[in-house]
Structures are given as structure tokens and as C-alpha cells.
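Protein chains in written order, with my numbering: chain L, 116 to 394; chain G, 18 to 402.
In short, the hints are calculated from the structure, not lab data. Just so we're clear, the structure is a prediction, and the values are computed from it rather than from any experiment. Fair warning: there could be bad hints in the mix.
What the hints assert, rightly or not - Coverage of chain L stretches by chain G, computed from C-beta distances (three or more under 8 Å per stretch; other residues unrestricted):
(1) 161 to 175
(2) 208 to 214
(3) 353 to 362
As the list claims (entries may be wrong) - Far from chain G, by Cβ distances over 12 Å, these chain L residues were calculated:
(4) 149
(5) 150
(6) 156
(7) 221
(8) 252
(9) 258
(10) 327
(11) 332
(12) 342
(13) 375
Quick reminder that beta carbons are idealized off the backbone N, C-alpha and C, glycines included.
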Amino acid sequence: MPDSLAEPMLPVPYRVLKVGRETADTFTLALAAAAGDQGFSFAPGQFNMLYVFGVGEVPISISGDPDRPETLVHTVRAVGAVSRAICGLQKGDTLGVRGPYGVPWPVEAAPGYDVLVIAGGLGLAPLRPAVYHLLARRPQYGNLELIYGARTPEDMVYRQELERWRGRFDFRVHVTVDSARGDWRGNVGVVPNFIARARFDPEQTMVLICGPGVMMRFTVQELLHRGLKRENIYLSMERNMKCGLGLCGHCQLGPFFVCKDGPVFRYDLLQDWFLAREV
Amino acid sequence: MSPGSADIGEEVVLEPQGLQQLLEILQRQGYQLVGPTLRQGSLVYGPLSAATDLPRGWGDAQEAGAFRLRKLREPMFFGYGVGQQSWKQFLYPHRRRLWQARLEGNDFQVLPPDADPVKFAFIGVHACDLEAILVQDKVFLEGPFIDPHYRARREQAFILAVNCGHPCHTGFCASMGSGPRATRGFDLVLTEILQGPRHYLLAAPGTERGRQLIHQVPHQKAQPGEREAADQLLDQTTRQLGRSLDTRDLKALLYRNYENPGWDQVAARCLSCGNCTLVCPTCFCHTIEDTTDLTGTQAERWRRWDVCYTVDFSYLHGGSIRATPRSRYRQWLTHKLATWIDQFGVLGCVGCGRCITWCPVAIDITAEVRALRESELTAAAAAKE
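Extracted from the complex, chain L is given alone in its bound form (with noise of 0.2 Å):
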């Protein structure tokens, strides 16, 4: 946490390191601080505020190895002016962070848990994280099993490390995609359908979710329908945020703080807001 007592909308200067192009319009970054400081360490899905020198901030998922906090990692797609931006920039070039803000994936309290992590688009930017920590402590949890799903082959992310992970004998990786031309060999159909394929005990399995909202509300249905408890379910929420410190309003959800109650929540807790529309 930075410190509360000093004027907490000031970014840090960080270099850009390498970025890696992902899809057509979405990119990794990997940024280390410019001043040669150590960085700071984050808990999965957390997010920074990152900032481009006089265009404007947005939040974005850190999307890196907890266990390896010296570098920023953020995967961004270029959606409006600042993540346009950001994804215009260059080895070398610098940019404002400030972070890191919000509640985590509760992979601290699963160890003994199956754990099911699903994913629709670029909502495996936040989830990966959360995939590090528990594969570097793998042995602590049950079944492991990644549901991805992206509109086409041409949408999905991370896609060499996907491979590689559907290559481990320990975690189990489903990928689907909306649609698809006639040369890909993959699953076809949204992600709620996989559901069915996972292995899990019901009783004993934490679930994160992140993804487009419809894809979000399907999932948790069909996963009520399984036999899921709501307080084992998580789901990282978006939101317009202008501020992340729970001052600015924007991101309000209910009775919640998206930047500062979430995005990180637990479903129970989450469900009635959840479901209204406009809130």
C-alpha cells in the first residue's frame, strides 16, 4: 500500500522493457520502475492506475508473476484514447503507475480446494496471476482446471503459454472460442458449456471468474446448477474508475467500491447487484 498519508494520485515513472503483441489490439507490456527501484509486490488481481504522459490514466489488471514483482507486466487492449496509448508505446519509453490497489483473488484461503479458474477474453489478464501462484504451490491444491474462452483464435491471449500449461500433467486446460474458421481444430461454444468437462468436487472447489459480464452471469448459473456454494464463487468486476482510492465515485456498484471493495467479490455478497441491470 502506498503511503495513505501523502498524496496518493502521484505516479511512479516506470520504463517499458518489451512489448509483446497478443492479438491485433491487445498488448503486454513489461515495465520495470525508471528510478531502479525495486518495484512492489502485488497479490493476484490486483490493478494499477497507469498513466500516459499527458493523454490520462486507466486501470488495468496487473497481469505478471506475483512471485516476481520486479517486473510490471499489464496487458492492455486499445480500446479509447489512454489504452490506445499505451499500446502505442515502445522499449524505452516511460510511463505513470500508481498501485497496487484492490482486493485480491482469495488464492490464500484455497489451499485443500479444487480450483476452477475460467476465463472469457481478455479476462485471463487478471486471472493469470492467480494461475502463477498456484501453480508455483501446486502441490497444496486439488484439481486444477483452467476454462478459456475468447471469441475466435484470432482473439485468444497468452496463447504459447496456454500450450504450455494444457502440456503439464497437473492442470487441466479447456479452451474454446465462439467461432472459428474452418482450420481450427479446437473446441467450439461458449464457456458456460464446459463447465460440464471440469473435474471437481463440488463441496470443496473456489472458483474465480473473470470475463464479459453475459459470459459471467451464465457461468455462475451453471455452476449454481452444479452444485457450487455462492461463497466459493469470486468474480472481478469492471468499472469506470477515475481515482482507485474510493474517493472519485465512478465505480460504484451498489453499495460497493469497485477500485476498494473489489473488483475482486465474493458472489453471495456480490449476487443481488449483480444481477440488476444498470447498477
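Using the hints, position chain G against chain L.
Chain G only, in chain L's frame:
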């Protein structure tokens, strides 16, 4: 006259000219005086240089969607209700620069924010606005992150409150437990009393600072009759308040009625202008503006009040979460009266009535709550039949 006799909470009596003496002492102590003034036919809190700057002898007539000044027959210093803007604008200015940054080659350097040494003395804070300041304290000072700009101004501010001898027509402080008597959060509180030819100020310090101030002004110990006159005045104000809001079970009422079709009715009238959020003394939402100069080498970050009634407020890539006026009015009202309690442990409404007065189409928060209650009764009655 017996200087040095007032204890915290103990009431003393000042003559009308004592007010000017209080203000002079505060000025000598380095406070910038801010209080009610008349500007363009409205009551506006702004800089004061002397007690003569107060709109003495003026009152106000507020109704839903209407504010008028009116001349009083009595030479009261504080014969009016709340002004258009609250004290929020001083503790939490509507625009503030948070930092500047300079680009040098590929690097930029962020320069810390300007120091903000303003030391305000707020003159004539009504009980509802006092409670509103305490509500904003919870937002900005209780963490996990603290707003250093708010804190710098808030810690220094001297608050001279006035008990309301003026029943607001759009106010409902008594319903919200926030007035008309100021019970906490002030350095000094005055009750202005005019009984025939006798005009005096009953003063009670609330802090050591307030006690020190009263020390330096000629005063007398309050007599039981004088205290009784103040009590009667406040009772009368309470009885004559123009609005009330039934707060029983309020959070549950709002949560139960999140999908009430009645929201469509108020949304049909609401212009989504956001006046209610700007005049509200507790609304705290803001946006961040990052800018550069034309050379692209100097950048600034500004914080500006924002309005939850805009489509842009909830914009996420692909569209806005609250795309309809219905959802935006529901967000504002539900926040004020329900989710605020979950967030900060208090209601987000103090009953000042500004949102009613300054709504261009006269939407009345008390009427909207009543409509929700009535719709429940109607539904229950229909279910019985």
C-alpha cells in the same frame, strides 16, 4: 461583563456588535472569513471582510424549483436558510490541480501538488451543513485513502455555526436528525434572538478554540430566560419546516424498491442536469482531467466535481452502464439514502433541501421517497383484495 467565564458548552450572551468583534479577532488570527453574501439575487457563500457584509435584514423564500430573496422587517444577521452552494466548495473546491509534470526526452518528472495554506473561518454554518461536513469527513478522511487537500483545509477551518431561527421551506433537517439546532462539529455556535427591541446573540463554544474566541469579546452569562427564548425559537423552527422525510427502514425501502416502476415516472421529469449533485453538500464524486500544453512537454492533472447524471459517468469501453435517466436518478437517490449507509455508516442526506430548491423541474426527494412508500402500500392493498 465577565471575560473568561465561558466553558465549552456553556452559553453566554453577546450584544449584536459582538459579532463584528468576533470576526475581527478571527481575521487577526489569520483566518479568511467566508460567509453568506448577496450576489445576483441569490445567497452565496463568499469572502467576508466585516459583519456589515452579511445580508443583514434579508431573508429567503425557497420552494421546489424556486429561490427568492426577500426583505425582512427585522435587522437579523442570520434571517435566512441555506445558500445555493454549500461550504463544500471551500473544503473540496470544484476544481483543483493535483500535480504538474514535465517531459524531458523520454522521461517525465511529476512535481508534487501546490501547498494549500488557506485557513478558513466559516461564518454562519447551519446545522444541516455542519452535519454535511461531518459526512464528507467520513468520505475523505477515514481511508483507506485520505484526501490530503481536503484534510489540510478541514483541519484548519474554524466553524462558527448558527442555530436556525428560520424555518426552511424545502428543508427537512429535523427528519434527518441534523437540525435545526447545531449539536456538534462547531467551534462556536450562535443563536440570534430578536424579541421586541431586544436583539442579542446566545453563544456557546464547542471547542477550546471557540472558548478562547468568546473570551476575547465582552459577554454575559446567559440567563435562564434567554436560553428559554432560544429553545422556543428552535422548537418553532422545527414545527414550521416545510418538508419531512420518513427515515424509518429507509435503506431497506430503497433496496426493496430498486425495480419499482415509479422510477420511470421521476425519470420522465428528470433532466439529468445534475444541479442536485452540485448543490448537495455531501456529494463527493469527481473526475480526473489529464492535460498538456501545446508543446506537449508540460502536463497537469486536475480534479473536478463530476455528476452521476451524465452518460459519461459510468462509461466503460463499449457503452455506459447507466444508459437511461431512470438508472441515473435511481443511482443518485439510492446512494444518498441507502448505499451511503453501507459505505460510510451514515445517510448521505442531511435534509438541507437544496436539491429540491435548485431542481429546475422541482423534483422533491421527500416526495419521491413518499411515492415509493405509497406504491408499496398500494401494492399490499391490491394483494389483499
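Checked hints:
With 6 residues bearing a CB less than 8 Å from a CB of chain G, the stretch 161 to 175 of chain L meets the requirement of three and the coverage assertion stands. Counting residues of the stretch 208 to 214 of chain L whose CB falls under 8 Å from any CB of chain G gives 3; the rule of at least 3 is met. A count of 8 residues in the stretch 353 to 362 of chain L with a Cβ less than 8 Å from any Cβ of chain G is obtained; the coverage claim is therefore met, three being the minimum. Look at residue 149 of chain L: its CB is around 6 Å from the nearest CB on chain G, not clear of 12 Å, so calling it non-interface is violated.
With a cut of 12 Å on Cβ distances, residue 150 of chain L falls inside the contact zone with chain G, its closest approach being about 10 Å. Annotated as non-interface, residue 156 of chain L keeps its C-beta farther than 12 Å from every C-beta of chain G; the closest such distance is 17 Å. For residue 221 of chain L, the non-interface assignment is confirmed: its Cβ lies about 19 Å from the closest Cβ of chain G, beyond the 12 Å cut-off. Every Cβ of chain G is farther than 12 Å from the Cβ of residue 252 of chain L; the closest lies at roughly 28 Å, confirming the non-interface assignment.
No Cβ of chain G comes within 12 Å of the Cβ of residue 258 of chain L; the nearest lies about 34 Å off, and the non-interface call holds. Listed as a non-interface residue, residue 327 of chain L fails to keep its Cβ farther than 12 Å from every Cβ of chain G; the least gap is roughly 9 Å. Non-interface call for residue 332 of chain L relative to chain G: holds, since the shortest CB-CB distance, roughly 14 Å, exceeds 12 Å. The beta carbon of residue 342 of chain L is kept farther than 12 Å from every beta carbon of chain G, the shortest such distance being approximately 28 Å.
Its beta-carbon lying about 6 Å from the closest one in chain G, residue 375 of chain L breaks the requirement of being farther than 12 Å from that chain.
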